[in-house]
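Sequences listed follow chains A and B, in order.
Just so we're aligned, residue 1 is where the first sequence starts under the working numbering, counting upward by one.
Just so we're aligned, residue 1 is where the second sequence starts under the working numbering, counting upward by one.
Rather than coming from a laboratory, the hints here were simulated on the basis of the structure.
By construction, the Cβ of each residue, glycine as well, lies at the ideal position given by its N, Cα and C atoms.
Some hints here could point you the wrong way.
Across the chosen pairs, the derived CB separations fall in these ranges [to be verified]:
#	chain 1	residue 1	chain 2	residue 2	range
1	A	Glu-81	B	Phe-286	31 to 39 Å
2	A	Gly-96	B	Asp-285	34 to 42 Å
3	B	Ser-137	A	Gly-366	31 to 39 Å
4	B	His-348	A	Lys-75	28 to 36 Å
5	A	Gln-151	B	Ser-28	40 to 48 Å
6	B	Asp-315	A	Ala-193	30 to 38 Å
7	B	Asn-105	A	Val-172	48 to 56 Å
8	B	His-260	A	Ala-416	52 to 60 Å
Derived coverage of chain B by chain A (criterion: at least 3 residues anywhere in the stretch with Cβ under 8 Å from a Cβ of chain A; other residues may be distant) [as the list claims (entries may be wrong)]:
#	region
9	265 to 273
10	406 to 415
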Amino acid sequence: MTAAMVESGRVPDLDPHRAFTVPEQVERVLPNGLTVLAIARRTVPLVELRLRVPFADVDRASGAVLAQTLFRGTKSRSNREFAATLQAVGGAIGAGVDPDRLQISGNALSTGLDTLLELLAEAINEAAYAGQEVMTERARLANRIKVALSQPSHLVRSALLERVYGSHPYAVQTPSGDDVEAVEPEHLRELHARRLHPGGATLVLVGDFDPDTVLDQVAEHFAGWRGAGPATELLPPPPLEPGPLLIVNRPGAVQSSLRLALPAVARSHPDNAPLQLANLIFGGYFSSRWVENIREDKGYTYGPHSMIDHSVAGSKLMLSADVATDVTAPALMETFYELGRIATLAPDPAEIDQARQFALGTLVLGMSTQSGLAGLASGLAGAGLRMNYLVEHAGRLSAATVDEVHRAAQQYLAPAGAVGVVLGDAERIERHVAAISAIKVRP
Amino acid sequence: MILLQRPGDEVVDRHTSAPTRIRIPHTSYHIERFVLGNGLRVVLNPDHNAPVVGVAVVYDVGIRSEPAGRTGFAHLFEHLMFQGSRNLEKLAHFRYVQGSGGTFNGSTHLDYTDYFETVPSNALERMLFLEADRMRSPLMTAENLRNQIDVVKEEIRLNVLNRPYGGFPWLRLPPILFDTFPNVHDGYGSFEDLEAAVVHDAADFFQRYYACGNTVLCVSGDFDVEQARLMVERHFGDVPARPAPPQRGFGEPDLTGPRHVSYVDRLAPVPAVAAAWRVPDPVADFAEYLPYVVLGEVLTDGDASRLVERLILKDRSATSVGGYVGFMGDPFDVRDPTALVIQAHLPHGGSVEDVLATIDEELAWVATGEVTDEELARTQARIVANLLRSTDTVVGRAVRMAVLELQRSDPTLINELPGLIADVTAQDVRTAAAMLRPQRRASVEVVPGKTGGTR
Numbered sequence: 001m002t003a004a005m006v007e008s009g010r011v012p013d014l015d016p017h018r019a020f021t022v023p024e025q026v027e028r029v030l031p032n033g034l035t036v037l038a039i040a041r042r043t044v045p046l047v048e049l050r051l052r053v054p055f056a057d058v059d060r061a062s063g064a065v066l067a068q069t070l071f072r073g074t075k076s077r078s079n080r081e082f083a084a085t086l087q088a089v090g091g092a093i094g095a096g097v098d099p100d101r102l103q104i105s106g107n108a109l110s111t112g113l114d115t116l117l118e119l120l121a122e123a124i125n126e127a128a129y130a131g132q133e134v135m136t137e138r139a140r141l142a143n144r145i146k147v148a149l150s151q152p153s154h155l156v157r158s159a160l161l162e163r164v165y166g167s168h169p170y171a172v173q174t175p176s177g178d179d180v181e182a183v184e185p186e187h188l189r190e191l192h193a194r195r196l197h198p199g200g201a202t203l204v205l206v207g208d209f210d211p212d213t214v215l216d217q218v219a220e221h222f223a224g225w226r227g228a229g230p231a232t233e234l235l236p237p238p239p240l241e242p243g244p245l246l247i248v249n250r251p252g253a254v255q256s257s258l259r260l261a262l263p264a265v266a267r268s269h270p271d272n273a274p275l276q277l278a279n280l281i282f283g284g285y286f287s288s289r290w291v292e293n294i295r296e297d298k299g300y301t302y303g304p305h306s307m308i309d310h311s312v313a314g315s316k317l318m319l320s321a322d323v324a325t326d327v328t329a330p331a332l333m334e335t336f337y338e339l340g341r342i343a344t345l346a347p348d349p350a351e352i353d354q355a356r357q358f359a360l361g362t363l364v365l366g367m368s369t370q371s372g373l374a375g376l377a378s379g380l381a382g383a384g385l386r387m388n389y390l391v392e393h394a395g396r397l398s399a400a401t402v403d404e405v406h407r408a409a410q411q412y413l414a415p416a417g418a419v420g421v422v423l424g425d426a427e428r429i430e431r432h433v434a435a436i437s438a439i440k441v442r443p
Numbered sequence: 001m002i003l004l005q006r007p008g009d010e011v012v013d014r015h016t017s018a019p020t021r022i023r024i025p026h027t028s029y030h031i032e033r034f035v036l037g038n039g040l041r042v043v044l045n046p047d048h049n050a051p052v053v054g055v056a057v058v059y060d061v062g063i064r065s066e067p068a069g070r071t072g073f074a075h076l077f078e079h080l081m082f083q084g085s086r087n088l089e090k091l092a093h094f095r096y097v098q099g100s101g102g103t104f105n106g107s108t109h110l111d112y113t114d115y116f117e118t119v120p121s122n123a124l125e126r127m128l129f130l131e132a133d134r135m136r137s138p139l140m141t142a143e144n145l146r147n148q149i150d151v152v153k154e155e156i157r158l159n160v161l162n163r164p165y166g167g168f169p170w171l172r173l174p175p176i177l178f179d180t181f182p183n184v185h186d187g188y189g190s191f192e193d194l195e196a197a198v199v200h201d202a203a204d205f206f207q208r209y210y211a212c213g214n215t216v217l218c219v220s221g222d223f224d225v226e227q228a229r230l231m232v233e234r235h236f237g238d239v240p241a242r243p244a245p246p247q248r249g250f251g252e253p254d255l256t257g258p259r260h261v262s263y264v265d266r267l268a269p270v271p272a273v274a275a276a277w278r279v280p281d282p283v284a285d286f287a288e289y290l291p292y293v294v295l296g297e298v299l300t301d302g303d304a305s306r307l308v309e310r311l312i313l314k315d316r317s318a319t320s321v322g323g324y325v326g327f328m329g330d331p332f333d334v335r336d337p338t339a340l341v342i343q344a345h346l347p348h349g350g351s352v353e354d355v356l357a358t359i360d361e362e363l364a365w366v367a368t369g370e371v372t373d374e375e376l377a378r379t380q381a382r383i384v385a386n387l388l389r390s391t392d393t394v395v396g397r398a399v400r401m402a403v404l405e406l407q408r409s410d411p412t413l414i415n416e417l418p419g420l421i422a423d424v425t426a427q428d429v430r431t432a433a434a435m436l437r438p439q440r441r442a443s444v445e446v447v448p449g450k451t452g453g454t455r
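In isolation and in its complexed conformation, chain B is listed as follows (with noise of 0.2 Å):
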């Protein structure tokens, strides 16, 4: 039994009331890799729980590929991908999908761009017709284009102008824990760059980066194998066959000393923070990059958690706070550099300045003091939990093991990351803390630039 008297704590027993550690189940979902002929790589994931299924096909390329001048391109190619291809006339995507009863998107992020449907299972074959088409030629026409600037102004518009702490912190953090184009630049584009957009321009980012050896097609759900694979050779076999191009680096060096940025929000009404640290490669070192998640959850997953704990219940220096990996929210998603994020809503009037430093107390008492089994454990249980919540979708599955085959050539990985997950030390999630010290650290403070009145 340990007993931990944290300053200006009363002594706190953090085992007397602590539960036996549950047992922390994985999945044993059946997963089978293929080549074709031309590269795409291809998961087949076959799942018989609901007539059902996903389709995922997953581009490596994302924000951080896109040329100077032309920041915004990536996710104004993803809106362009929907605007028919060579059997397909504009609009037809989308009532192909939909008129076989199912549903579709697209996504944008720092290291691929996403595109997916999830259908009733006869419906299959024909979302595969579907990827292969627009795969083989998408339609790029200049009215598309102008069309499709024309809706993603408005995207930005309503997420990020039109709001109070639009892009925060996302768009907000990168530009000062980064300095090089790559990853500092807006992935949501400037008006101006969006605007100067022209066609040849998309010809070329197809042709270099929507080859097919740059891309992995999953399909998660209700089907059997054999004929699955047969309808992706049929549909996808003569897709000509492009290589990758060269995997390029985006890493750049660690800060030498803290960063600090604060920008006025019109429209927001009450101060808000955030602040990120480097953390290790999520890929060549994913057993040092795996305690920096847990940490993440640590410190701010639940009422029972470090910064819940004392910066909202026992402080009330803020009235909310988050905290993970990857500046989009998902840890296994991202390549390097990335970094930890905790960010914070403050409450009208609230210091930044003293949510800065009691985030940084609770890191080094995290860092030389104690995090219990019990502690850990827990964390650990809800982590898994919210892992296998966001799997149960043959879709957030098939998009999961793509992405994972994309970046790790490992789609089963999805199996181990419960105990992966399970098997973080305290003595890692210490030596993680310790890392995150404020001489590493670049924060970004939103000063409210709304008072009084509501309307």
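Just chain A, with the same shape it has in the complex (with noise of 0.2 Å):
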């Protein structure tokens, strides 16, 4: 009798498991070199696009000055003009830059595909870099990065980069307002012929569509893209050089905003699938030791977490959790303990489980929305990967086990092989850390 259930208060179990499938990925390369990948997925009317070009070893300001303009105008059209053309679509269109790539993330109602695709290959063939538009762009570039100067995240991030990468290329990821506002057109249309090339690159379409169409479509408006280079790829980043714990001074703050690195390794190595459930046990969901330990015992923080990040040239493990000021020496405390727990004893068969489960579980959501698929689509094939890598990947997480687990996170959330920067007030934090870590203080 089912209401027995709800009196004896028992939770009920779950429902037998689906199989886990990925959906079905049409793909196809053009004769100049692009990978173009379709999925169909017809839950809304609409279409999502993600194109990402290697971009590596490129000059930081040039490159992000290069992203804010590259859809502000064309030799056809102008700025206003391209604008409207979209919107009338349903469009919207917009480019980033990190130390690897440049990624194009465009999204339009499903009937509008064919403008999506018109706008961006034009962009692509002729974007104009006209003086106008880059003069704007570059001041209000500026102008965003002396307000990210003021923000503890970025602060804290860039000083954990330089920190972690020393001078790899990842090290510095945002270029100065002064070195963005000398970016001229020309140096624009430069790196534009010397870098935004067909070859290497991938183009993702997910949306309410017929996939061989879509591919059809593509090749008609790709195949007058041209462009040729070598490669350029970064030296893997060098290893961690575990030291004194860097106090980044920031006099009045009223949160410090901690951070740690430790070693990872990229999605193909036979240790990630166990190092993804050590670190979800760690603290990279939210029931972990750490966040259980941390926010809901002690009350320090609100949100703290731990992440994977795969880079091209390599991954780390990264932690974050911005703590009120008092606490900020028995934050980190409980944070080293956390982390010697795990690498010294095995953990709990059940919360292995737990977050097996999890990390299974958040694979199907991922995937259950447009821009959800296209995203991990374009991540994927960014590492050389396509989505039957998840269908390979659910397995090895089905298969770890507490022993494997275990020796992952000994030799990746060792707290000894920590990196880590604080920033916060020095004044009122630096004693009481310095009872816990050697330190540097940055003043």
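Hints in hand, dock the two standalone chains.
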């Protein structure tokens, strides 16, 4: 009798799992080298577009201004005409850069797909980089950088990247405002011609369409995209060099921003699945030891999290927590304690199963929307992988043993291997933090 | 063909490059509604496109219902709802959701509070159990209250106190536009009020507002309607019936003259400004309200919009501009009174006065000049695309449908919204713009307190 279940207060069991499957992906490489992937997903009458172009070893300032100006007019259309034509099909498009790539994201009503493709191809083939637009966009960007420099999240990230990556290009990801203001249209045209090439680029389309028809449309619009050059690859970053905890002074800060970096491995590495589970158990989701400790037990922080960042040249595990100034040292102590605990004692099988269910479930959730699918497919393609990787990864998550997870934790989560930065009011935290770690203070 | 001459502008022909109007699509979500014996309203939206379900429980209480002396309490209470219930000890809720492969959250709004999960579809019944258990009897202890007061204070430090432009403009504008406590007070709460909260307050709040009759449950995604109906009855059927408290209006008179306040943000490096004008009742006068939603986008969506073109690209007096209805950015989840908000960040040394004057000028131009079919059509297309995108997630859809049921007794409005937005006419938009006069405007200015160095 079903009512008895409610009275007894027993939490219902899960219904049987469905087999994990990934949607069908149609792929074509155009004669110019552009790889195109299309996935039909007819949930809403929209399309999502992602284009990744390798962009390693590009000047930060020029790259950033290019991303802001790429869609501000072409030889055939003014900025306003371009924007109006795109908006008329319910569309939007934008670009961003990081040390590995230029990433273009767009979406539109599905009946506007052809217009969206036409505009993207037009910008790629003949972006104008008109003087007026470049002046406006570089000034806006310089202004945004000024605002970013007053945000603790940005300041602490910059300090950590510098500390972690040293002289590697990953160390500095945001250009200075002055460098941005000095970017001229000819720099952008030159960079565009030199690096915006179809070879090595991946275009992902997801939405309410027939994938084969879409590939034909893409082939037609992008046939004229020319240009080639040697692939630029970054050297792997140097290994982490643990040392004193760096305190970056921010006088008057009411919180301290704690950031720690630990080693990690690429998606294709055999340790990746067990490490993902170890990270979840430590601090990678809400039901983790670290969150339950410093938030739900101690109330030191609102949203601590720990995640694995897969960049092209190397992966890292990054911890982040913003804590009240007065509890900076205790929060660090608990963080080192939890890292030490998972690195030295085998996790409980039940903890592993819970993390495993979460990892498998969120794979399903991540593929349930058009934009989620597009982001996943594009991210994997950037690492040279396809959607079937997820099936294999799900298999590895399912198969990971207590021993493998424990070994991954010992190897990658050991606090002795951590590199750390704390942004906060040095005068108020320095003495306390020095009690639990060697420190170095940057005034 | 209409030629327009704007002051100081070259002749612009807004029609020559005009594409033909795109057909505005709409959704045909299947929706079932019923009410349990205890008064709980239920909305079911089966959709088998992906093996996931979204569960949303929406209570008809938000920031505006907080008692005086307890600012921030609706949000604090939302945190307490995750701290255990009759059959679930502290931490159990999180572990059951995530251990089922799902994600969860809750959020506190001006007029409602929502709790929601997205899970693989084999976990639906478990989610219904979890939600029913805390609807029946959440566990409110002094220890958990103390812990969550600390957590909420860190949330406020993170989002408001330790960053530039914290709470701008959603916490900064209402005290200027409104006069009564429910509308003006800080929804995050003062530390003093948060610290003063006791378990008894929580028990009272629960008793009054977290009643079945004040609540909507919505399930969206991959399930069988009849099975889901049985599960809902099984788990929620015996939640004790309590009627909704009397619906209280928060209306107050419109401004009789302009109001402007400026404040120094010690962390902000450049100026910013936001302005707000009252709009018609979003529920009672929906037809009059909708043109303001469209107007906000006509003014600010994309490089071909009025204010982006003028302030950012032509005058360069602003570096970013946004326009929207509802202080928290969603025009379809608020009750009266609410507002159309325009906000802008300025370059270093920029003049807020000039930006406000330009906004007034552009609004007057929309009101007395011409909104072209082309301009209107492309704006409507983009609004609809954004709307459809937000409901592509099962949980986004479940929350939307639940709120429409809660505030309008009409979750099927989700399918009609695209058409209603497309039906707004140029004249409707002009009429709306004509109401956004400087005399009805409340504005707030951020004076940068940080100069020079970056660290």
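Here is how each hint holds up against the structure:
1. A/Glu-81 to B/Phe-286: 31 to 39 Å: 34 Å, holds
2. A/Gly-96 to B/Asp-285: 34 to 42 Å: 41 Å, holds
3. B/Ser-137 to A/Gly-366: 31 to 39 Å: 34 Å, holds
4. B/His-348 to A/Lys-75: 28 to 36 Å: Holds, at about 33 Å.
5. A/Gln-151 to B/Ser-28: 40 to 48 Å: Distance hint for A/Gln-151, B/Ser-28 holds at roughly 43 Å.
6. B/Asp-315 to A/Ala-193: 30 to 38 Å: 32 Å, holds
7. B/Asn-105 to A/Val-172: 48 to 56 Å: 34 Å, violated
8. B/His-260 to A/Ala-416: 52 to 60 Å: 57 Å, holds
9. 265 to 273: Held - the region 265 to 273 of chain B has 5 residues with a Cβ nearer than 8 Å to chain A, which meets the minimum of three.
10. 406 to 415: With 0 residues close enough to chain A, the hint is violated.
Going down the numbered hints, you'll see the structure goes against 7 and 10, while the others check out.
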